[in-house]
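All residue numbers for the sequence shown refer to the working numbering, where the first residue is 5 and numbers rise by one.
It is worth saying that the hints were derived from the structure and are not from the lab. Check each hint, because a few of them may be wrong.
[To be verified] DEER-style ranges, computed between Cβ atoms:
1. Leu89 with Pro51: 26 to 34 Å
2. Glu55 with Thr86: 20 to 28 Å
3. Glu88 with Gly64: 15 to 23 Å
4. Ser52 with Glu88: 16 to 24 Å
5. Ala56 with Glu88: 15 to 23 Å
6. Leu73 with Ser16: 34 to 42 Å
7. Leu62 with Ala12: 14 to 22 Å
8. Leu6 with Glu60: 16 to 24 Å
9. Pro51 with Gly28: 15 to 23 Å
For glycine and all other residues, C-beta sits at the position ideal for the given N, C-alpha and C.
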Amino acid sequence: SLVALRKAVYLSPELGHARFALAGALSRCGEHGSAAREYRAAATTLPSTPEADLQELLDGCDVDQLVVLCKRLADECERRATEEL
Numbered sequence: 005s006l007v008a009l010r011k012a013v014y015l016s017p018e019l020g021h022a023r024f025a026l027a028g029a030l031s032r033c034g035e036h037g038s039a040a041r042e043y044r045a046a047a048t049t050l051p052s053t054p055e056a057d058l059q060e061l062l063d064g065c066d067v068d069q070l071v072v073l074c075k076r077l078a079d080e081c082e083r084r085a086t087e088e089l
């Protein structure tokens, strides 16, 4: 799935939901530095992602809540990446 998500982000870097999915996959694979970068990119791009693309991802939440979550997860991933050094 990483290959497909990376291709999606490469082809459409403005799609915050693709970046969010990639960040989660990278984190689960232990690539915490890369995950942190993608969570930060998701936080930046999610507010401009079309609402229709976010309905399933948001599941009734506000996009601002997801942005805050992305920033928190990015901080957490950066901490883990630093601990691994």
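To see whether the hints hold, each was checked on the structure:
Between Leu89 and Pro51, the C-beta spacing of about 32 Å keeps the proposed range 26 to 34 Å intact. Under the hint 20 to 28 Å, the C-beta atoms of Glu55 and Thr86, about 36 Å apart, miss the expected range. Taking the beta carbon of each, Glu88 and Gly64 are about 35 Å apart, not inside 15 to 23 Å as hinted. At roughly 32 Å, the beta-carbon separation of Ser52 and Glu88 lies outside the given 16 to 24 Å, and the hint is violated.
Taking the beta carbon of each, Ala56 and Glu88 are about 38 Å apart, not inside 15 to 23 Å as hinted. Restraint check, Leu73 to Ser16: a C-beta distance of roughly 21 Å breaks the suggested window 34 to 42 Å. A beta carbon spacing of about 18 Å between Leu62 and Ala12 agrees with the range 14 to 22 Å that was offered as a hint. Evaluation of the 16 to 24 Å hint for Leu6 and Glu60 yields a pass: the beta carbon distance comes to about 20 Å.
About 19 Å separates the C-beta atoms of Pro51 and Gly28, a value consistent with the hinted range of 15 to 23 Å.
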